[in-house]
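**Student:** One-letter residues, chain by chain:
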Amino acid sequence: MNASDNDEILLRYLDGELSEPAAIELQATLEKDSRLQQRLNELREVHALLIAATKVQTPSLKFEESVMNNLQLPGQRVTRSRAWLLLAGSLVASITMLLLLSVGAFNNSTTILIDAPVSNTLITLPELSFNLNMRMIVNLIVFVNLILLFFLLDRTILKPYFNQRRSYHL
Amino acid sequence: MITQEEENHLLNRILAGESAAYARLVREYKNLAFTIALKIVNNKPEAEEVAQDAFIKAFQNLKKFNREARFKTWLYRIVFNTAISYKRKSKAAFYSIEHAQIPVSEQGGRDLQKADQVKFLHEAMQTLAEADRLALQLFYLNEFSLEEVATMMSQPANTVKVRVHRARLRLADELKRILNKEALTL
Numbered sequence: 001m002n003a004s005d006n007d008e009i010l011l012r013y014l015d016g017e018l019s020e021p022a023a024i025e026l027q028a029t030l031e032k033d034s035r036l037q038q039r040l041n042e043l044r045e046v047h048a049l050l051i052a053a054t055k056v057q058t059p060s061l062k063f064e065e066s067v068m069n070n071l072q073l074p075g076q077r078v079t080r081s082r083a084w085l086l087l088a089g090s091l092v093a094s095i096t097m098l099l100l101l102s103v104g105a106f107n108n109s110t111t112i113l114i115d116a117p118v119s120n121t122l123i124t125l126p127e128l129s130f131n132l133n134m135r136m137i138v139n140l141i142v143f144v145n146l147i148l149l150f151f152l153l154d155r156t157i158l159k160p161y162f163n164q165r166r167s168y169h170l
Numbered sequence: 001m002i003t004q005e006e007e008n009h010l011l012n013r014i015l016a017g018e019s020a021a022y023a024r025l026v027r028e029y030k031n032l033a034f035t036i037a038l039k040i041v042n043n044k045p046e047a048e049e050v051a052q053d054a055f056i057k058a059f060q061n062l063k064k065f066n067r068e069a070r071f072k073t074w075l076y077r078i079v080f081n082t083a084i085s086y087k088r089k090s091k092a093a094f095y096s097i098e099h100a101q102i103p104v105s106e107q108g109g110r111d112l113q114k115a116d117q118v119k120f121l122h123e124a125m126q127t128l129a130e131a132d133r134l135a136l137q138l139f140y141l142n143e144f145s146l147e148e149v150a151t152m153m154s155q156p157a158n159t160v161k162v163r164v165h166r167a168r169l170r171l172a173d174e175l176k177r178i179l180n181k182e183a184l185t186l
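In order, the protein sequence lines correspond to chains A and B. Numbers 1 to 170, taken from this note's numbering, label the letters of the first sequence in order. Numbers 1 to 186, taken from this note's numbering, label the letters of the second sequence in order.
If we strip away everything but chain A, and leave its shape as in the complex, we get (with noise of 0.2 Å):
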């Protein structure tokens, strides 16, 4: 028998795979080869050593419940590259929507006079006259969506991400 035999006997032997008969001749046989001997002491250390290292481990205590709070929203969990690119959009619109808003861009569309006189042989309507304040929407529009924009953040990034770093921690 070569060594890649007696290793195979060996680990099968330590397994408790051998039958009775073969693992007696194989006592027997240790007995008498010390070599042999030596080889299965080492196949036993290293047997017993992977028993005390591999040991099962326990994760974070709100482990389960970060488990179930994300089935509530199956397929809609956001990912990390998911949620970057959606940081990245939000910062991207709101930044130029404050340049534009900065520089100007919406100062020529202050006011919008609607001045239409409704008439035909039909019907006549009254003057129809009235004055909008665009740059009062614009900015109302602005604020709104930056407030939309903030909530979205927090519950979508923030809020999930501080969630994940307290369970990690308890």
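Warning: the hint list may mix true and false statements.
[Claimed, not checked] Only pairs whose alpha carbons sit at most 30 Å apart, straight line, appear in this in silico DSS-like list of lysine-lysine:
1) Lys32(A) <-> Lys57(B)
2) Lys161(B) <-> Lys159(A)
3) Lys87(B) <-> Lys30(B)
4) Lys30(B) <-> Lys159(A)
5) Lys72(B) <-> Lys57(B)
6) Lys63(B) <-> Lys62(A)
7) Lys62(A) <-> Lys72(B)
No lab work stands behind these hints: they were computed from the structure. Please read these numbers as outputs of a predicted model, since none were measured by experiment.
Once you have looked at the hints, place chain B on chain A.
**Tutor:** Below, chain B alone, put in the same frame as chain A:
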């Protein structure tokens, strides 16, 4: 420990729309799912993320689970595949021994020696092929049969058996080499 009968009952409830029943399965299998992920990604926060993702994937694909195998076998296979693809994406190939279960030295020199041996064992593990190392670690978790490890790794049982045997022989040789080297530096 959850029986197959209880497991089937839980699965029926979940499939009927009672998603809260899934918590019982998460509680039952979270430790091993986390451990498998940790063995592959070698980083606790990432392992936690992988294990959570795997549980969510399992939940979302529960209708596809045909119940020929145990739920845990199916779940751990999802954990294994999720961790492997996560590792490929993150390319975090370095190995940390921070999670190694090195015994605390409470009994003096003997434990210290054991701690050193475990440290050397992890050093020796770096010389193994990744698939051999994973097969060995899953096998030594003492929670799975060789067949279950093979199912998880999507490989024939004989291949996994060869991997486990080869890895142990390699470790024995590598440990001998490391210990000889250490002895020379003393």
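**Student:** Look at each hint and say if it fits the structure.
**Tutor:** Now the hints, each set against the structure:
no., hint, verdict
1, Lys32(A) <-> Lys57(B), "violated (57 Å)"
2, Lys161(B) <-> Lys159(A), "violated (46 Å)"
3, Lys87(B) <-> Lys30(B), "holds (20 Å)"
4, Lys30(B) <-> Lys159(A), "holds (23 Å)"
5, Lys72(B) <-> Lys57(B), "holds (13 Å)"
6, Lys63(B) <-> Lys62(A), "holds (26 Å)"
7, Lys62(A) <-> Lys72(B), "holds (21 Å)"
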